[in-house]
Structures are given as structure tokens and as C-alpha cells.
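Peer 1: For reference, the chains in residue letters:
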Amino acid sequence: MDKLKAARGIIYFFLGLLVIICFVPFYMMIINATRSNSEILRGFSLMPSTNLIDNYFVLDSYINIWIGFRNSLVIAVAVTVLNSYFSALTAFALVVYQFKGKNAIFIVFIVMMMVPGQLGLIGLYDLSSTLGMLDTYWPLIIPAIAAPFTVFFFRQFLVTTMPMSILESGRIDGAGETYMFHRLVLPILMPAIATMGIFTFIGSWNNFLFPLVIIRSPRLYTLPIMIRQLQGSPVAQNLGAIYLGVAISVVPIMIAFIFLSKYIISSITAGAVKG
Amino acid sequence: MQKNDNRAYLFIAPFVIVFLTFNIYPILLTFYYSVTNYTGMGGIENADFIGLDNYRRLIQDDFFFTAFFNTIRIWGMNFALQLGIAMLLALLFTDIRLKLKGVNTFRALFFLPNIITIASVALLFSILLDWNFGSLNQMLLSLGVISRPINWLNNPTYAQSWVALIGAWMWFGNTFIILMAGISGIPTDFYEAAFIDGANWWDSFTKITIPQLKPILLYVFITSIIGGLQIFDLPMLLTDGRGAPRGALNTMVLYLYNQGFSFANFGYSAAIAYGLFLITVVFSAITFKSMYRGQVKVKKGGTK
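These protein sequence lines are chains A and B, in that order.
When you line the first sequence up against my numbering, it's residues 48 to 322, in that order.
When you line the second sequence up against my numbering, it's residues 5 to 308, in that order.
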């Protein structure tokens, strides 16, 4: 028994150490965001300093990071809503109806899950250019309507949780198909929508390559593109301001994570077990 | 069953239209460009059809081969580290004798780096690892671990190791959660029976845990290799975006991006995209094959 206790103590010690190692980069980021450039050049410190406001003004004189926030948020919300709604609609059709071409769609799904997103990058850029959509959000948002993986996930969910009898009784009561989709199927799908929605949102929020290629105007920059802009910019002369810029992009996500971690973690498990 | 129902087409129409336009069409267009010398400017009608020249160039391109090996090396280091830590943690937290507390808190803490924007992570590390003014060197110097600052991002081996390490830092929590779910799903009777038969810890691990975890391990491996082959944000933003130091951070997708959008070689960039796709398919197939064969072997062993 004592041996077990000792083992437990040692394990907790190393787990604590691992947590510290994991958070040192974030801690240094926050500390350095409060220090002046000369303080940072002189050496490192574990204690915060008093230059947070000054750093913010330096950063703000070069970029308005909140615009990046707003832009990323607009795109991520639009992507998540479109992805959830149209994937649900497609999954509904696949589960409820019998129609020609259903099997072909399944085969395409399986193949498309293996295709890396970059395969169509050059083509998507050129298509956007042809459609006059370069430097707009459309090429980043519209493709969310067709997300094979989400459809697949929703389909599996519906097959196991939705009794066909509720649709039958709905039909007898004279409910239209669209009405039933909105009133019966969407509520049933809600847990699955939440699961995939979180991942879709995070994926869009962190997306780097596609906005990098599509967006030109600084006022349309998403947060990751803005962060890239900081590197090698005049602000880079002031390390405190750079640290602050990174911190502003990171801390809200951390706060959101505190509230959502339970859902996020159960979603990962769901994805692995189903996938 | 229901008969052929035309209403279905109405419901799937948005998906199909967008899918064909924004997914399939760009992929086919990319293929078409890969057999031309299109630069990306001046319209495709001014480009020439050059057959398989881009692909011929690809298989003789030392930069592409280097990019391939860089990608694999970075992924390999990252995966070994990530899987090792994740497996160890998963085993500790599922151990029925240890009964460790605070699983949920630890899972959340270890997972957190995963959701941080990679662009932010890369910029953060590029300044933390700075030669003279980075916090890491300052810390190591003041602790007396090193006597002179190390130029981390100017040495190919160090730079690649850092990308792998940062990747492992971002992903071990995710892998840990998945493995733990897998291990928790194994019936405890298996372990109890093995214990009664006098099996030690190592036997239960290699004879029960690993074989039972095969599907989950396959999932972890496949998702990791597909993601790993596409690594881009981190190497691009950690140094100059062109693969410095000395091409060590030039990964396949970074090369694709630079050929297309920095050097105006759309045609060649498109060929790289197809090369990458082929490599992804081959790696996934090999993984499936080897894992599947492994499973058959285990089953045979069981019937003996």
C-alpha cells in the first residue's frame, strides 16, 4: 500500500512537471507582453512588468488586431452555420430517401476523406479569380456547404438515433418534409451538430493557407494572417508589442476553452470511436 | 423500403452543386494545370500544354526530395514523441491499481495547446527561440545550462527538432485522449484473467492492450500521417517562409505554396500537389496493409 502511495506521489510530481513545461511558453508570452523592449533584451524574468499599455499602443499603431478578430469570427461563424445546416440536410436525405446515385455519393465520400485539402488549392485560387471572388470571403465560406466528413458523421448519428416511425407519423399528420426536417430531425441531430460544430469552428478559426492565398486587403485579414504580418514588420523592433499581439490572439481562445473543454474532449473521443 | 424519391434531389442539391464546383472542379483544374506551363498570370489560354514535363521534373527535383525527407523526418520525430508520451499517460490514467485523480483536469490542460492558432504558436516560438533575445536562451544562460546562446533556428537539425517538438506539444494531448478512450473500452476481465494466469504488466500490455487498441492506433496513425505530410504553417512561420535554415524547414506543402505563389509556377505547383496526393495514398495504403496483416496474425495466435 505504501509503495503504491509513493508511486502515486512520484507520478503526480512528473505530471505537474509536464503541465509546467506545457505552459511555460504561454507564461513567458504573458510576462513578456508586459515588459518593455529593453527589459526583454536585457534578460528574462518570471515577474510581470508595467509596460502592457505602452506595448498595446505600439501594436495598435501598426495593426488593429481586433479587426482580425472580427474577420476570423465572421468567417468561422458563417462556415460553422453553413456546414452544420447543409450537412444535416444532406444526411437527412441520405438516411430517409431512396434514390439513384446514393451509392455513388458514398464512394465519393470515402475517397474525398483521403484527399488532402491542398490538392485543389491552385484550382480553387483560379476558380475564385474567374468568378471575381479573389480578396473576398466567399471562397473561404461557400465550400463549407459541402463537407463530406460532417455529412458522414451526421448520417451515422441519424441511422442510430432517429426512429423512422416519427417521420411516418409526421406524414400522417400532414407535415411537409421540409417542416419535419426543421422541427424533428434538426433537434435530434443537435448533439452531433455541437460536436462537429466545435471542430469546424476551430478549423476555420485556425485556417491559414487558404486565406493567405485568397485575401489581399489588410482590412479583410483574418487573425492568423495578421499574426503573420507582425513577423518582420516594424513592430518586430519592439518585442514586447509582438508578445502582446500573440497573447491577444491566444488568450481569448484559452478562456473559451475553459468553458468548452468538456464538450471538446468528449467530441474527440466520439470522432475516434466512430472514425 | 421507400421507392425512388425525387424529393431527395432537392435536399442534396446544395451539397452536390457546391461539392462539384468548389471541390471536384478545382481538383480537376489543378490536374489540368499540372500538364501545362501556366504561370498563374495572364490567363490559362496563354499557357502551353507540355504533357508530363512537370511530373518528369518533379521526380528529378532534388528540392522536392529534400522537402519530402524533411517532412518525413519532422513527422517521424513528432509522432514518436507524441505517441510515447500519450501512451504513457493513457496507461497511467487507466491503471486500475493507481486510481489517479484529476483525469479531466489533466486532459484539458494537456489538450489546450492543440486549439491555439498555429500561426500564433509559430510566431511565439520564433521569438522565444531567438538567438540573442529569446527567452529560452536567456533562461538557459541564467541557469548556467549553456555558456553561449544557441542559434536554434539557424541549425538544420535543431530547427527540424523544434518543429517536431512544437508539433508534439500541440498534439500529444489529443492522442492521449483518444488512446485513453480506447484503453478504457477494453473489458477489465481480460486483465483480471491475465493476472490470474500470472501475466506481468509487460505481458498484459503487449498481449492485451496493444492488440485490442489496433483499430484506435490505426486511426491515430492514419490521421497523424495525413496531417503530418501536409505540415505547412509551422515551418513557414517559424523562419523566413522559404525553408530556412538551409532548406531544412522546406516541407512539401511549403514548396508547393512557394512554387505557386512566390515563384509563379502554377503548373509545377499543381504537379507537386498531385505528387503529394499520391504519396498520401501510398502511405495510407501501407499503414492499412501492415496493420491489417498484424491483426490477422493476432487472431491466428488466439485460436491456437
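Hints are computed from structural coordinates only; laboratory data are not their basis.
There could be a bad hint or two in this list.
[Claimed, not checked] Some chain A residues judged to face chain B by a derived CB distance under 7 Å, without partners named:
id: 1; residue: K52
id: 2; residue: G56
id: 3; residue: I58
id: 4; residue: F91
id: 5; residue: Q145
id: 6; residue: P163
id: 7; residue: Q165
id: 8; residue: N253
id: 9; residue: I274
id: 10; residue: S296
[Said to hold, decoys possible] The list that follows gives simulated cross-link-like pairs (lysine to any residue, SDA-like), each with its CA atoms no further than 25 Å apart:
id: 11; chain 1: A; residue 1: K309; chain 2: B; residue 2: Y195
id: 12; chain 1: A; residue 1: K50; chain 2: B; residue 2: Y195
id: 13; chain 1: B; residue 1: K293; chain 2: B; residue 2: I220
id: 14; chain 1: B; residue 1: K105; chain 2: A; residue 2: P265
Here the structure is a predicted model, which means the values were calculated and not measured.
All C-beta atoms in this analysis are idealised placements derived from N, C-alpha and C, irrespective of residue type, glycine included.
Peer 1: Does each hint fit the structure? Answer for all of them.
Peer 2: Results for each hint:
1. A least Cβ separation of about 10 Å between K52(A) and chain B goes past the 7 Å threshold, and the interface hint is therefore violated.
2. Below 7 Å, beta-carbon pairs count as interface contacts, and G56(A) has none with chain B, the closest being about 11 Å; its hint is therefore violated.
3. Restraint check, I58(A) versus chain B: the minimum CB separation of about 6 Å is within 7 Å; hint holds.
4. Taking 7 Å as the C-beta contact cut-off toward chain B, the hint placing F91(A) at the interface holds, the least distance being around 4 Å.
5. Here the hint on Q145(A) is kept, as its CB sits about 5 Å from the closest CB of chain B, short of 7 Å.
6. With a least beta-carbon distance of about 5 Å to chain B, the hint placing P163(A) at the interface is held under the 7 Å criterion.
7. With a least beta-carbon distance of about 6 Å to chain B, the hint placing Q165(A) at the interface is held under the 7 Å criterion.
8. With a least beta-carbon distance of about 5 Å to chain B, the hint placing N253(A) at the interface is held under the 7 Å criterion.
9. The restraint placing I274(A) at the interface with chain B holds, with a minimum CB-CB distance near 4 Å, inside the 7 Å limit.
10. For S296(A), the interface hint holds, since its Cβ comes within 7 Å of a Cβ in chain B; the closest pair sits about 5 Å apart.
11. Proposed proximity of K309(A) and Y195(B) is contradicted: the alpha carbons are some 29 Å apart, above 25 Å.
12. Distance hint between K50(A) and Y195(B) is fulfilled; the C-alpha atoms sit about 21 Å from each other, no more than 25 Å.
13. About 15 Å separates the Cα atoms of K293(B) and I220(B), which keeps this hinted pair within 25 Å; it holds.
14. Of the pairs offered as hints, the one joining K105(B) and P265(A) is violated, with about 48 Å between alpha carbons and a cut-off of 25 Å exceeded.
Checked against the numbered hints above, the structure violates hints 1, 2, 11, 14; every other hint is satisfied.
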